[in-house]
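**Q** All chains should be modelled from the sequences, with the hints used to inform the complete structure.
Single-letter residue listing:
Protein chains: 2
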Amino acid sequence: MVATPVLNFDLDAYATPRRQLIEQSLEQYTALCEPESLWQSMRYSLLSGGKRFRALLCLASAEAMEHLQPAGLTAVQAAMPCACALEMIHAMSLIHDDLPCMDNDDFRRGKPTNHKVFGEAMALLAGDALLVLATEVLLRKTPLQVDRQCLIEVAAELARATGPDGMVGGQVSDSIATGLVVPTKSLSEQAGLRTPVQADAPTAQLLESIHKRKTGALLRFATWSGARLMQANEDILSAFTSFGEVLGLAFQIADDLLDLTGDLQSLGKTPGKDQAAGKLTWVSIYGEEGSRRELALLESQGKSLLASCGLPDASTTALRALLSYAIHRRN
Amino acid sequence: MVATPVLNFDLDAYATPRRQLIEQSLEQYTALCEPESLWQSMRYSLLSGGKRFRALLCLASAEAMEHLQPAGLTAVQAAMPCACALEMIHAMSLIHDDLPCMDNDDFRRGKPTNHKVFGEAMALLAGDALLVLATEVLLRKTPLQVDRQCLIEVAAELARATGPDGMVGGQVSDSIATGLVVPTKSLSEQAGLRTPVQADAPTAQLLESIHKRKTGALLRFATWSGARLMQANEDILSAFTSFGEVLGLAFQIADDLLDLTGDLQSLGKTPGKDQAAGKLTWVSIYGEEGSRRELALLESQGKSLLASCGLPDASTTALRALLSYAIHRRN
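Chains A and B are the protein sequences, given in the same order. To convert a position in the first sequence, counted from 1, into the working numbering, add 1068. To convert a position in the second sequence, counted from 1, into the working numbering, add 1068.
Rather than coming from a laboratory, the hints here were simulated on the basis of the structure. A portion of the hints provided could be inaccurate.
Pairs involving identical chains hold if they fit within one copy or between any two copies, as the list cannot separate such chains.
[Said to hold, decoys possible] Straight-line C-alpha distance at most 25 Å; calculated SDA-like pairs for lysine to any residue:
{"#": "1", "residue 1": "1280", "residue 2": "1362"}
{"#": "2", "residue 1": "1179", "residue 2": "1077"}
{"#": "3", "residue 1": "1341", "residue 2": "1369"}
{"#": "4", "residue 1": "1371", "residue 2": "1212"}
{"#": "5", "residue 1": "1341", "residue 2": "1381"}
{"#": "6", "residue 1": "1119", "residue 2": "1246"}
{"#": "7", "residue 1": "1209", "residue 2": "1378"}
{"#": "8", "residue 1": "1209", "residue 2": "1225"}
{"#": "9", "residue 1": "1280", "residue 2": "1102"}
{"#": "10", "residue 1": "1280", "residue 2": "1100"}
{"#": "11", "residue 1": "1209", "residue 2": "1175"}
{"#": "12", "residue 1": "1347", "residue 2": "1247"}
{"#": "13", "residue 1": "1179", "residue 2": "1215"}
{"#": "14", "residue 1": "1280", "residue 2": "1097"}
{"#": "15", "residue 1": "1347", "residue 2": "1102"}
{"#": "16", "residue 1": "1119", "residue 2": "1077"}
{"#": "17", "residue 1": "1209", "residue 2": "1095"}
{"#": "18", "residue 1": "1280", "residue 2": "1099"}
{"#": "19", "residue 1": "1184", "residue 2": "1165"}
**A** Given below as structure tokens:
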């Protein structure tokens, strides 16, 4: 990660040791067991060197509450299983998104996609397995010092952020908007179902709603959950939730811009793909300039939210740096 | 359900009102929201009139502990969210199993399969959504009177029973045994992975291990979780876990026999399909007579386990009747 000029903070120095801990934990949670080929398939996608942005966000949010730590427990220890659960769900979403019946992608981060290596059936099952392993790790590995009702809320909220109200629902809306999913009317009617409501013509509102759920829900969960696991008060939880929403939208707008302006080497994927596919993006609605203006606005909003939540500035430096990173990154 | 001659107990009279409550709860947990077509796809498979065997088992297990109920809470209230979570995971497994990259089935219970109605992408996502909704319902809808650490253990165990050590892992082993999943050696090696270990030649041990995980893990979870939610003691939990294992194996052997001896009308699917596909089944290894002998043995074992766990006979009548049903059913 490149430290941004916005803050006098070395994001690399912050992220590198934490990323090492994340990798160690993920490695430990997915030690090879039987059936070995299933675990290999899961590990192939999970341990393929992502940026761990979601996990870092969750840890940074918990660390902002370090002063609330229960005796003998650091914020990183309290939030690490949750951070890893987030990475498992992210990995699962990429495996299923790449399947032939979805985006049908052959490469991801310069490597063959999961189903190209292990076959479609195994990729499907590896995704399913990662989805439930995320819950198991969160529930079993979160230290006992973390309040139990707190942990239950976090696990339930992770499920909500992943499911029909969150990531999966956003994926469905996106697929409907781009025409990938067209419910078979005649068969639905034959089965005695109401004809599904078709999404309205692509609009800014629809796009924002898709972004908020497809990528935003997990990012919002990341900033909320870190603080919740540390038993932050309602004011802080509310501010962190809004911060997560702002960051999530900024992350996706930056993604849309990168598709337009990025180069193959930095991106690790072909730029212009979304545009060529006629995909609904922020840039296609507001143009490059409009998107950059929105990003600047979101960066300022995010910082204000953190400034006004009553925590000392030093506690939220890493969160601010991660917001800036999300906006100014090159890949 | 047909009451069996084994017990002087009217299973229908027991199951019918509970099944109505299960349907009502499932209906309530999946009220149509946005994106509507996703919820329709989820509901299409979830509310398609299954026998609710897993849910009934979980409720019967909790009811056996009715004397331990916290004030103002019935066993059915305590266990209903868990029972419904089980049905959601079962429905999800059927949706994903039917996909073209898995069993490629066009019909299930006499209706077009989910992907034939909603398309492959939606069926994939509806399965994912049901998988996480199960966790959310269990965690959010289980009454607050149920001990929180208890609930955490039950949710973690549900994830384990579903994932690589349970249902999904059993599905992978089954797929390897039948040749559906053949990890692409050259690509695995190219990706720097160890060559996956191939399963041994089909053996009785392998088959039992597949059965125990693919269908057995959720059935064992069903009998354990009902008792655990009611804070049963270790002796009872251990007996109920063993009972669930015995019942799970019996359920699957009965399934294998039904494939051989059932008729189209009762089964709702073509009999002989497993045999024609050269599938590894109990009957293919032990023959019809050997399978029936094993079933008789399991029925007797299951009853002994319940008799020796210290509960009054009347408390476990429904569990015994469900075991007999699993063995003597016609579909």
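**Q** Does each hint fit the structure? Answer for all of them.
**A** Hints and how they fare:
Taking the shortest alpha-carbon separations for residue 1280 and residue 1362, only the intra-copy value of 15 Å comes in at or below 25 Å, while the best inter-copy value is 54 Å. For a Cα distance limit of 25 Å, the shortest separation of residue 1179 from residue 1077 qualifies neither inside one copy, at 33 Å, nor across copies, at 60 Å. In this assembly of identical chains, residue 1341 and residue 1369 lie within 25 Å of each other by CA distance neither inside one copy nor across copies; the values are 30 Å within and 61 Å between. Taking the shortest alpha-carbon separations for residue 1371 and residue 1212, neither the intra-copy value of 33 Å nor the inter-copy value of 37 Å comes in at or below 25 Å.
Taking the shortest Cα distances, residue 1341 and residue 1381 never come within 25 Å of each other, neither inside one copy (40 Å) nor across copies (66 Å). Taking identical chains as interchangeable, the C-alpha atoms of residue 1119 and residue 1246 are never at most 25 Å apart, the minima being 28 Å within one chain and 38 Å between chains. Taking CA atoms no more than 25 Å apart as the test, residue 1209 paired with residue 1378 passes in neither setting, with 31 Å inside one copy and 34 Å between copies. Taking CA atoms no more than 25 Å apart as the test, residue 1209 paired with residue 1225 passes in both settings, with 17 Å inside one copy and 13 Å between copies.
For the homomeric pair residue 1280 and residue 1102, the shortest alpha-carbon distance between copies (14 Å) is at most 25 Å, but the shortest distance inside one copy (37 Å) is not. In this homomeric assembly, residue 1280 and residue 1100 come within 25 Å of each other (Cα to Cα) only across copies, at 20 Å, whereas the closest approach inside a single copy is 35 Å. In this homomeric assembly, residue 1209 and residue 1175 never come within 25 Å of each other (Cα to Cα): the closest approach is 33 Å inside a single copy and 41 Å across copies. For a Cα distance limit of 25 Å, the shortest separation of residue 1347 from residue 1247 inside one copy, 10 Å, qualifies, whereas the shortest one across copies, 38 Å, does not.
With identical chains, the CA atoms of residue 1179 and residue 1215 are never at most 25 Å apart, being 41 Å at best within one copy and 46 Å at best between copies. Taking the shortest alpha-carbon separations for residue 1280 and residue 1097, only the inter-copy value of 23 Å comes in at or below 25 Å, while the best intra-copy value is 29 Å. Taking CA atoms no more than 25 Å apart as the test, residue 1347 paired with residue 1102 passes between copies only; the shortest distance there is 21 Å, against 41 Å inside one copy. Proximity of residue 1119 to residue 1077 under the C-alpha cut-off of 25 Å is restricted to the intra-copy arrangement: shortest distance 18 Å within a copy versus 60 Å between copies.
Taking the shortest alpha-carbon separations for residue 1209 and residue 1095, only the intra-copy value of 14 Å comes in at or below 25 Å, while the best inter-copy value is 33 Å. When the C-alpha separation of residue 1280 and residue 1099 is checked against a cutoff of 25 Å, the pair qualifies only between copies, where the shortest distance is 22 Å, while the shortest distance within a copy is 34 Å. In this assembly of identical chains, the alpha carbons of residue 1184 and residue 1165 lie at most 25 Å apart whether taken from the same copy (13 Å) or from different copies (20 Å).
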